[in-house]
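Student: Residue numbers (the numbering used here), protein chains in the order written: chain A, 1 to 281; chain B, 1 to 278; chain C, 1 to 281.
Please keep in mind that the hints were generated in silico from the structure rather than gathered at the bench. Take these hints with a grain of salt, some might be off.
What the hints assert, rightly or not - Here are the computed lysine-lysine pairs in the DSBU-like style, where the Cα-Cα straight-line distance is at most 35 Å: (1) C:K234 - A:K39; (2) C:K204 - C:K219; (3) C:K219 - C:K242; (4) C:K224 - C:K207; (5) C:K164 - C:K224; (6) C:K204 - C:K220; (7) A:K9 - B:K275; (8) A:K170 - B:K12; (9) C:K219 - C:K207; (10) C:K55 - C:K255; (11) A:K3 - B:K12; (12) C:K234 - C:K224; (13) C:K204 - C:K122; (14) C:K255 - C:K220; (15) A:K39 - C:K242; (16) C:K204 - C:K255; (17) C:K164 - C:K220; (18) B:K275 - A:K5.
Since the model is a prediction, treat every value here as computed from it, not as a measurement.
Chain residues, written in single-letter form:
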Amino acid sequence: MSKEKIFEKGFFLVAFSSISILALIAFFIFEEGVPLIWKVGARSFLLGERWFPSQGSFGIFPMIVGSFWVTVGALIVGVPLGVACAVFLCELTPPSVSIVLRPTIQLLAAIPSVIYGFWGLIVLVPLIRNALGGPGLSVLAGSLVLGIMILPTIISISEDSLRALPRTFKEGALSLGATHWQTIWRVLLPASRSGIVASVILGMGRAIGETMAMIMILGNAVQMPGSILDSTRTLTTNIGIEMGYATGDHRQALFATGVVLFFITMGLNTLALFISGRRRT
Amino acid sequence: MISRHTSQRVAKGLIWAAAFSTLAVMIWILLQVLIEGLPLLSLNFFLDAPRQMGRTGGIFSTIVGTLALTAVAIVIATPLGVGTAVYLREYTREGRVSRVIRFGTDCLAGVPSIIFGLFGFVFFVILLRMGWSILSGGLTLATMILPTIICTAEEAIMAIPYSYREVSFALGGTRWQTVARVILPNAIPGIFTGVLLGVGRSVGETAAIILTAGSSLLMPTSLFSPTRTMSVHFYILAREGISMEKAYATGAALILLILAINTLANWLLWRYVRKVGG
Amino acid sequence: MRKPLNWVWACAFFILPTLLAGCQKPQGGLTVVGSTSVEPFAGALAEEYMVHHSKEKIYVQGGGSSAGIQGVRTEAAQVGMSSRALMPDERDLIAVPIAYDAIVIIVHPSNPVTSLSIDQIKGIFSRQMTNWSEAGGRNHPITLVTREEGSGTRESFQHLIMGKTEISLAALVQDSNGAIRQVVGDDPNAIGYISLGLVNDRVKALKIDGVEANVENIKKYRYKFVRPFLFVFKADPQGLAKNFLEYILSPEGQKLLVQEGLVSAATIADSPKGSQSPKNV
Chain A
1 MSKEKIFEKG FFLVAFSSIS ILALIAFFIF EEGVPLIWKV GARSFLLGER WFPSQGSFGI
61 FPMIVGSFWV TVGALIVGVP LGVACAVFLC ELTPPSVSIV LRPTIQLLAA IPSVIYGFWG
121 LIVLVPLIRN ALGGPGLSVL AGSLVLGIMI LPTIISISED SLRALPRTFK EGALSLGATH
181 WQTIWRVLLP ASRSGIVASV ILGMGRAIGE TMAMIMILGN AVQMPGSILD STRTLTTNIG
241 IEMGYATGDH RQALFATGVV LFFITMGLNT LALFISGRRR T
Chain B
1 MISRHTSQRV AKGLIWAAAF STLAVMIWIL LQVLIEGLPL LSLNFFLDAP RQMGRTGGIF
61 STIVGTLALT AVAIVIATPL GVGTAVYLRE YTREGRVSRV IRFGTDCLAG VPSIIFGLFG
121 FVFFVILLRM GWSILSGGLT LATMILPTII CTAEEAIMAI PYSYREVSFA LGGTRWQTVA
181 RVILPNAIPG IFTGVLLGVG RSVGETAAII LTAGSSLLMP TSLFSPTRTM SVHFYILARE
241 GISMEKAYAT GAALILLILA INTLANWLLW RYVRKVGG
Chain C
1 MRKPLNWVWA CAFFILPTLL AGCQKPQGGL TVVGSTSVEP FAGALAEEYM VHHSKEKIYV
61 QGGGSSAGIQ GVRTEAAQVG MSSRALMPDE RDLIAVPIAY DAIVIIVHPS NPVTSLSIDQ
121 IKGIFSRQMT NWSEAGGRNH PITLVTREEG SGTRESFQHL IMGKTEISLA ALVQDSNGAI
181 RQVVGDDPNA IGYISLGLVN DRVKALKIDG VEANVENIKK YRYKFVRPFL FVFKADPQGL
241 AKNFLEYILS PEGQKLLVQE GLVSAATIAD SPKGSQSPKN V
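Construct all of the structure, not just a fragment, from the sequences and the given hints.
Tutor: See the structure below:
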């Protein structure tokens, strides 16, 4: 066999292996999770309000609601701040400053979530408890910390989006007499909308997937949060807390939660593809 | 009517406020740990073994554990990921199959880490009987970062203008030669970023690691030993209140490690780009 | 294109890793997994043991009693630590008591309440009582903290104190004794339960029906909420497992445990070494 053929086969093998591995994982998760959803009934699994595995109750609705509120809260915190910072970096700072700040943001994105969770536990939770009441371990604490955690993602992608715009956009607007801010608000931001939205969706994905920091500061009560000062549990923290000892139906229910998360991720991905109209050749 | 100049001033003011408060909070989060933790760092701390469940002693075994797990994950995932990206982009034609594969990979890149942890726990630790070990943990981490490496490698390869390939072919290069001498060298910065993301994830991952590599404080002696990483150690110390002092110190060490990795990576990248002539 | 050959290559690529997995661990160490109540004590004992036997390796980790028992059953661990008696469907495993420990109710040191009756505890943990004033304390909502379902401490608490009354789903959930101690130590209005051996000056232990939880009262059967710390094995312990167990049950090992605040296995032994779970729980 010629050297070319060897390399081609080699790459094929590698590609086949890794895709098989990933397919195996997806298959495994579905194979463990779906039978339980079937057994319990999709409606009572997804909408059931009682999660009490030792009694055979597998309703994950409280966790869905928990994940939802915490994520929405994180977006409320993260998106305005993130986009504002992106604008700041792109438009309001000289290149010398942004060259320093960009790797800093990259660094902040790499800080482990346990550090954020720790800060939340030591600083935010007592603050919320003393100022607003409740146990402090709450949706509010989770949203704030999560919002901060997704900032680097939103900032860097939004900023890339803004930077990728042709200079003519800005120059044209300015030459027509628009102020700097008018240019940003009415020309640049709308033009980079798809990139910004993509960053938000990615941030959302990150928020939904966060486990560790949330276990530390959400309190993990198995209930639907009645207010932002209530404790709750997300889909991911539920898995994280219980997977060490879950067996049988209980373990399958956790895999089933994984299936749900898989679909949520798939949905977000499809949305991102749709919106950013990916230019794949 | 507010003049557009006033609204500009307000808007810019708000943006400055946003940027400042973001920076302030970020710094606060890091300083929270660094201020208490840095003074406690010493060479002894890094090189001593943890004693009394971490209440006294150092963190040497956790440093080794962190490095070992990350190394296993990267060594497995990088060749697989880059090879897959190369095959998908260079050796196959764009079609339904490759689009499905790409979609699937993108999705898996977004799946929460805990799911991979659950898979790793049931598959590697229990089914394959590897127990709680560096191997189980490393393999699980590898599966976590594989989709990301495939994605970033693909993006990096795609970003190379087709003309590069055309020139190579026109000069009589074979596909492999094109890949080896044109595509890969130009894609390395992008691939490297993906690998760096993988490293960051490996160092910071906690829940999945506890469930696959265990949380023993003993120095691991083989791939089959359980181990504790610095993130896990920090988490356990802080959460259980075993020793807040040691927790802060471990946290500071962790942040320094991330800083070191990132700085090193950026420097390597800068040198590479200069050498290859970006 | 020699298609069939590709597939042969690909399949061969899979047999290799499977073979690798088949090679069992050459590890010579002992993995001890399970109850977070037992963990610090097992860890201390392991450290002592390894000082005298430097070639041996004993790996101790937490995860909760059920996780430990599961670990032994799947042979992921050689020894399981449990802080509750074995369930009927776990009776095929072997459990050896290594010490006894009490469940104590803890509150913040600043909480004026010093004693609660069983009924009050049941009322609080089932959320029939939600304000400290109903139990003789301040006028403030009670923050309830409990362990996760797989916890031996929780199971013992349920069995010994709560009886048929369910722990409220609105309770905050933490996944280790230490974490509960942290939460209760930070929140002046929190209440939780942990192992007697883990009480420190961050929290205050309450008397139950006027009886204080201490070793004296445990030995005299006045404080009745006692559960065994068990080492669980799949079969009769051999080799390092056997040696470690013997060390723990020796006077030297027991002395270490008593020093740390536990009650030695010999004191309440009503079942000989090596038999099934003790009768008092």
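Student: Are any of the numbered hints broken by this structure? If so, which, sorted upward?
Tutor: 11, 15
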